[in-house]
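Protein chains in written order, with our numbering: chain A, 1 to 303; chain B, 1 to 252.
It is worth saying that the hints were derived from the structure and are not from the lab. Please note: incorrect hints may appear among the correct ones.
What the hints assert, rightly or not - Partial list, derived from the structure: chain B residues whose beta carbon lies under 7 angstroms from chain A:
#1 9
#2 38
#3 92
#4 102
What the hints assert, rightly or not - For each label pair, taking beta carbons as the anchor points, the in silico distance ranges come out as:
#5 B:144 <-> A:165: 24 to 32 angstroms
#6 B:120 <-> A:31: 55 to 63 angstroms
#7 A:73 <-> B:144: 52 to 60 angstroms
#8 A:6 <-> B:118: 22 to 30 angstroms
#9 A:264 <-> B:116: 35 to 43 angstroms
#10 A:113 <-> B:75: 43 to 51 angstroms
#11 A:254 <-> B:120: 56 to 64 angstroms
#12 A:31 <-> B:24: 55 to 63 angstroms
As the list claims (entries may be wrong) - Per the computed footprint, the stretches of chain A lying under chain B, defined by three or more beta-carbons under 8 angstroms from a beta-carbon of chain B, are:
#13 65-78
#14 147-156
#15 195-205
#16 240-252
Since the model is a prediction, treat every value here as computed from it, not as a measurement. From the three backbone atoms N, C-alpha and C, an ideal C-beta is built for every residue, glycine too.
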Amino acid sequence: MEYLYTILMLMALSVILAASFNFVIGYGGLISIAHPVFYAIGAYVSALLARDAGVPVALAIPLGAVAALLASLLVAVPALRISGDYLLIASIGFQLGVLEAIKNMTWTGGAGGLTDIPALFGRSTGHAVYVALAIVLAAGSVLLLRGITRSAYGRAMSALRDDELAFAALGRNAMMIKLGVFALGAGLAGLAGGLYAHYFRFLAPDQFDILQSAALLTIVVVGGMRTVWGPVVGAVVLQALPQAITFLDLPPSVLGPLQGILFTGLVLVFMFVRPAGLIAAGDLWRGAAVPDATAGGDGAGRA
Amino acid sequence: MPDGLEVRGLCKRFGGIVVADAIDLAIPPGRILGLIGPNGAGKTSFFNLVAGVVRPDAGRVALDGRDLSGLAAFRRARLGLSRTWQNLRLFASLTVLDNLLIGTRRYPAERLAALLLRPRLVRQSDAAARRRAFEVLERVGLAAFAHSELGRLSFGQQKLVGVARALMNDPRCLLLDEPMAGVEGAAYGSIQSAVRALARDGVAVCVVEHNVAFIRDLCDEGAFMFAGRVLARGSIADLIADPRLTELYFGT
Numbered sequence: 001m002e003y004l005y006t007i008l009m010l011m012a013l014s015v016i017l018a019a020s021f022n023f024v025i026g027y028g029g030l031i032s033i034a035h036p037v038f039y040a041i042g043a044y045v046s047a048l049l050a051r052d053a054g055v056p057v058a059l060a061i062p063l064g065a066v067a068a069l070l071a072s073l074l075v076a077v078p079a080l081r082i083s084g085d086y087l088l089i090a091s092i093g094f095q096l097g098v099l100e101a102i103k104n105m106t107w108t109g110g111a112g113g114l115t116d117i118p119a120l121f122g123r124s125t126g127h128a129v130y131v132a133l134a135i136v137l138a139a140g141s142v143l144l145l146r147g148i149t150r151s152a153y154g155r156a157m158s159a160l161r162d163d164e165l166a167f168a169a170l171g172r173n174a175m176m177i178k179l180g181v182f183a184l185g186a187g188l189a190g191l192a193g194g195l196y197a198h199y200f201r202f203l204a205p206d207q208f209d210i211l212q213s214a215a216l217l218t219i220v221v222v223g224g225m226r227t228v229w230g231p232v233v234g235a236v237v238l239q240a241l242p243q244a245i246t247f248l249d250l251p252p253s254v255l256g257p258l259q260g261i262l263f264t265g266l267v268l269v270f271m272f273v274r275p276a277g278l279i280a281a282g283d284l285w286r287g288a289a290v291p292d293a294t295a296g297g298d299g300a301g302r303a
Numbered sequence: 001m002p003d004g005l006e007v008r009g010l011c012k013r014f015g016g017i018v019v020a021d022a023i024d025l026a027i028p029p030g031r032i033l034g035l036i037g038p039n040g041a042g043k044t045s046f047f048n049l050v051a052g053v054v055r056p057d058a059g060r061v062a063l064d065g066r067d068l069s070g071l072a073a074f075r076r077a078r079l080g081l082s083r084t085w086q087n088l089r090l091f092a093s094l095t096v097l098d099n100l101l102i103g104t105r106r107y108p109a110e111r112l113a114a115l116l117l118r119p120r121l122v123r124q125s126d127a128a129a130r131r132r133a134f135e136v137l138e139r140v141g142l143a144a145f146a147h148s149e150l151g152r153l154s155f156g157q158q159k160l161v162g163v164a165r166a167l168m169n170d171p172r173c174l175l176l177d178e179p180m181a182g183v184e185g186a187a188y189g190s191i192q193s194a195v196r197a198l199a200r201d202g203v204a205v206c207v208v209e210h211n212v213a214f215i216r217d218l219c220d221e222g223a224f225m226f227a228g229r230v231l232a233r234g235s236i237a238d239l240i241a242d243p244r245l246t247e248l249y250f251g252t
């Protein structure tokens with residue numbers, strides 16, 4: 001049972017991470033692969049606030065998300081002022097720098113990891129409630145991002161991706177939209193980090209390194225970039241299938257590499273069979289259906 | 001005192017190439033000015049300088065008495081400066097209607113905070129923006145294409161979408177960059193009547209165009225540009241008749 005909870009928990013967190021990363025890179029068109037660093041910041045800030053500052057866990061988790069959001073602005077404001085391409089370099093530098101700092105300070109637990117992180121619920125309520133909470137938050141995140149991308153704000157994001165110069169000439173502040181998208185994505189990653197920290201109660205800096213960036217990018221691309229459900233499907237499939245062979249009772253020295261092979265194999269198969277992702281994005285932006293009160297029946301014309 | 005668009009002493013050079021050499025140009029509200037001159041005279045650069053896409057080395061741009069110097073392009077647009085582009089620059093992932101909606105002036109539905117906290121305001125401003133977009137599409141004769149992808153439109157119709165999108169800003173000054181290049185047939189009349197209606201509402205209009213017939217039909221007066229300078233200003237007929245300018249236009 002405990003094992004099932006762990007898998008469900010990892011799936012829920014992957015869904016939040018993949019959906020928010022897709023929001024930034026797919027919908028926002030902001031090329032950055034440093035998403036796991038905001039996951040790390042949310043996790044460490046929440047864990048340290050709860051463990052060393054006596055902040056209640058239920059408050060520490062949202063504070064971790066806010067910390068990740070603010071940290072993302074710290075990277076994005078200078079990087080985006082220079083040029084959009086610079087964001088990729090600056091964010092990777094930030095990711096490596098933060099992880100290096102965590103590894104070399106004592107109060108973060110160093111390279112050995114941070115232990116004794118308080119749990120959200122006592123033993124009596126147990127993990128079931130926590131997992132349910134994580135699933136609800138994952139669903140909430142997906143629906144929130146879906147709502148945004150289908151709103152006028154999402155339309156503006158789409159236009160900004162198409163042509164930034166024309167977008168600005170229409171009185172739109174491209175910088176503000178980019179910052180908003182980047183910060184919201186990072187904040188959600190930070191939320192996932194806090195949820196992780198108080199469930200597994202142990203953090204190591206290596207969990208958030210560039211390999212994690214690659215895995216997350218893979219989930220989003222395989223699932224289907226710039227779609228609502230692609231990252232969800234990608235997260236569940238690529239998280240669940242490699243775990244399934246754990247039941248085969250193989251020795252750990254075989255299990256680990258085999259899971260890696262399975263993950264990579266799945267990616268290769270999916271990319272051959274469905275190169276646009278398990279769920280393919282359409283060419284055209286689609287908003288939420290709005291009744292065409294003005295156009296006298298013209299609204300039915302939308303194919 | 002009429003305001004409209006006022007440009008004074010605008011200078012810009014890219015290395016050794018002077019694209020704007022102390023340009024003075026004023027367009028009062030309701031006037032349509034045709035900007036003519038050979039390729040490379042600096043007409044599009046002039047638009048980019050006025051719109052805030054390119055930063056000038058010196059000079060001042062004002063709209064209705066408000067100094068625009070130093071403001072970013074999006075702020076100038078918010079103060080009523082609209083433009084179209086020679087090479088369209090429409091949003092390929094959006095339908096015709098959605099292209100127009102991006103141009104909506106003051107659009108609270110597009111703000112993240114309002115979206116999350118004020119659903120009613122969002123609904124109202126969405127409805128108002130769509131009403132306005134259909135009005136504008138009606139005016140340029142594209143209402144039937146509101147939900148079409150851009151690829152289903154002719155090039156001339158796409159030019160019209162560009163003009164319509166610029167109108168969504170309720171501009172005080174409109175810069176049209178070669179609206180007729182590549183356009184034939186019905187769009188000709190639609191663009192003419194849309195621009196005339198705008199001028200009647202007191203908008204200052206500046207048109208860059210090589211189609212002489214179009215310029216002569218539409219514009220109240222013209223200015224001739226060459227090598228980053230405004231050499232002459234007067235009626236279009238006079239400018240065309242001037243042998244000195246004709247020689248510069250066609251080269252020797």
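Outcome of the hint check:
| no. | hint | in the structure |
| --- | --- | --- |
| 1 | 9 | 24 angstroms, violated |
| 2 | 38 | 25 angstroms, violated |
| 3 | 92 | 5 angstroms, holds |
| 4 | 102 | 5 angstroms, holds |
| 5 | B:144 <-> A:165: 24 to 32 angstroms | 29 angstroms, holds |
| 6 | B:120 <-> A:31: 55 to 63 angstroms | 36 angstroms, violated |
| 7 | A:73 <-> B:144: 52 to 60 angstroms | 45 angstroms, violated |
| 8 | A:6 <-> B:118: 22 to 30 angstroms | 40 angstroms, violated |
| 9 | A:264 <-> B:116: 35 to 43 angstroms | 39 angstroms, holds |
| 10 | A:113 <-> B:75: 43 to 51 angstroms | 49 angstroms, holds |
| 11 | A:254 <-> B:120: 56 to 64 angstroms | 60 angstroms, holds |
| 12 | A:31 <-> B:24: 55 to 63 angstroms | 43 angstroms, violated |
| 13 | 65-78 | violated (count 0) |
| 14 | 147-156 | holds (count 7) |
| 15 | 195-205 | violated (count 0) |
| 16 | 240-252 | violated (count 0) |
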